[in-house]
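A.B. asks: Using the sequences and the hints, build the whole thing.
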Amino acid sequence: MAYADGELDPGTRAAVEAAMASDPQLARRVDRHRALRGRVRSAFDTVLDEPVPARLLEAVRAAPAGPGGDNVVPLPRRPVRRWRRPQWAAIAASLIVGLVAGRLASLRPGNAGPIATRGGRMLASGVLASALTEQLASSQSAADPVRIGVSFRAKSGEYCRTFSLRRPAALAGLACRAGENWRIGVLVEGPPAGAGTYRQAASPMPPALIAAVDAEIAGEPLDAPAEAAARARQWH
Amino acid sequence: MNSSDEALRDRIIELLPRLRRFARSLARNPQDADDLVQITAERALARAGQLRPDHSVASWLFAILRNAWIDEGRSRRRRESLLDPEDLAERIGDTAAGSHPELLCVQDALARLPEEQRLAVALVLVEGLSYKEAAELMGVPVGTLTSRLARGREALQSMLSATSGVLP
Numbered sequence: 000m001a002y003a004d005g006e007l008d009p010g011t012r013a014a015v016e017a018a019m020a021s022d023p024q025l026a027r028r029v030d031r032h033r034a035l036r037g038r039v040r041s042a043f044d045t046v047l048d049e050p051v052p053a054r055l056l057e058a059v060r061a062a063p064a065g066p067g068g069d070n071v072v073p074l075p076r077r078p079v080r081r082w083r084r085p086q087w088a089a090i091a092a093s094l095i096v097g098l099v100a101g102r103l104a105s106l107r108p109g110n111a112g113p114i115a116t117r118g119g120r121m122l123a124s125g126v127l128a129s130a131l132t133e134q135l136a137s138s139q140s141a142a143d144p145v146r147i148g149v150s151f152r153a154k155s156g157e158y159c160r161t162f163s164l165r166r167p168a169a170l171a172g173l174a175c176r177a178g179e180n181w182r183i184g185v186l187v188e189g190p191p192a193g194a195g196t197y198r199q200a201a202s203p204m205p206p207a208l209i210a211a212v213d214a215e216i217a218g219e220p221l222d223a224p225a226e227a228a229a230r231a232r233q234w235h
Numbered sequence: 000m001n002s003s004d005e006a007l008r009d010r011i012i013e014l015l016p017r018l019r020r021f022a023r024s025l026a027r028n029p030q031d032a033d034d035l036v037q038i039t040a041e042r043a044l045a046r047a048g049q050l051r052p053d054h055s056v057a058s059w060l061f062a063i064l065r066n067a068w069i070d071e072g073r074s075r076r077r078r079e080s081l082l083d084p085e086d087l088a089e090r091i092g093d094t095a096a097g098s099h100p101e102l103l104c105v106q107d108a109l110a111r112l113p114e115e116q117r118l119a120v121a122l123v124l125v126e127g128l129s130y131k132e133a134a135e136l137m138g139v140p141v142g143t144l145t146s147r148l149a150r151g152r153e154a155l156q157s158m159l160s161a162t163s164g165v166l167p
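Chains as they are written, first to last, in numbering that gives the first Met the number 0: chain U, 0 to 235; chain A, 0 to 167.
These are calculated hints, taken from the structure and not from any lab test.
Everything numeric in this text was worked out from a predicted model, so none of it was measured.
Derived DEER-like restraints, expressed as beta-carbon distance ranges:
| id | chain 1 | residue 1 | chain 2 | residue 2 | range |
| --- | --- | --- | --- | --- | --- |
| 1 | A | SER146 | U | ALA14 | 18 to 26 Å |
| 2 | U | ARG40 | A | ILE69 | 20 to 28 Å |
| 3 | U | ARG165 | A | ARG150 | 47 to 55 Å |
| 4 | A | LYS131 | U | PRO144 | 40 to 48 Å |
| 5 | U | ASP222 | A | SER157 | 51 to 59 Å |
| 6 | U | PRO167 | A | SER55 | 23 to 31 Å |
Covered stretches of chain A (chain U as the covering partner; in silico rule of three or more C-beta atoms under 8 Å from a C-beta of chain U):
| id | region |
| --- | --- |
| 7 | 20 to 31 |
| 8 | 125 to 137 |
| 9 | 145 to 152 |
Just so you know, even glycine gets a beta-carbon here, dropped at the ideal spot from N, CA and C.
C.D. replies: As structure tokens, this is what we get:
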């Protein structure tokens, strides 16, 4: 077991390896330990791919930081609320599905970055807002700061577009038209920064984003003429 | 609020995916697991001053999460024994909808281990901590940790090989 967990020093490791070579039963036991470790590990690794729920991120951002010690006033705890399933499903489908990792530290309100928060909602701003309004997926260059993915009409009627950007962080998301704004419903960690030309050649859409598009889309994604026509109507 | 508090906050946000994974190895229901993560983050920030500069933030957070899980354990069990069947069905539905089937299978097996074995397995197999780190976090000698781990592993092995042909 300790061998399979990589806990042994090099000398003992070598001794175990020698013993395994001459003892098939020992080798099988080590294999079983390794297989179990791999299976447990990979099952739970699926959690790492899930978007972090927005409420968790909000809670971490909002929680007061204290000096520590015993005189800390107990924090008021969020009442544990169990959502009825239809309510949960509706919220999951239409609202923020998730954000990833402290990449957003620089995206606080008042920042002139690509994402602004207003009234608890995330809206596109700056380069992201103009790309969502102006840029066509059919004619964009690798130098554009924002890359537009698919555009489609959502079941609720408004136009939505997926996007990815590299600065200030590698992010990908789904934005839907809300009046003159673009409301960002999903934001996830995008393809790793520094993947360079490979990223341009084939930037895969993160699974959470694909799932969000599947949940929202009515019919098929817009083709190039439909995309241009929607832009001409200012996405209304 | 000073800059080191903000650095800790950012670090916690970075570690959220790992904390969620660890919580899911302890609490089967995704919402319960996320509640644990939230409690952990709030407690960590409230006690920011207790973090030693030489201490690993991840281990510190795992220890807080483990304590929160133990604290919650008693009230959770009481609540679950009182759940009406409709609530129960709903929770199972939520769980099934949010998780990978293989994950559910492993979680089911893990949930049947005694708490101490489950923690040992979660820290070493799921989170990849060394025996020494896991033992420190649980506050037990390394020998105790390895024996809990060995027993937990044997039990998992037999439960999982009964449900799938992946393992001999």
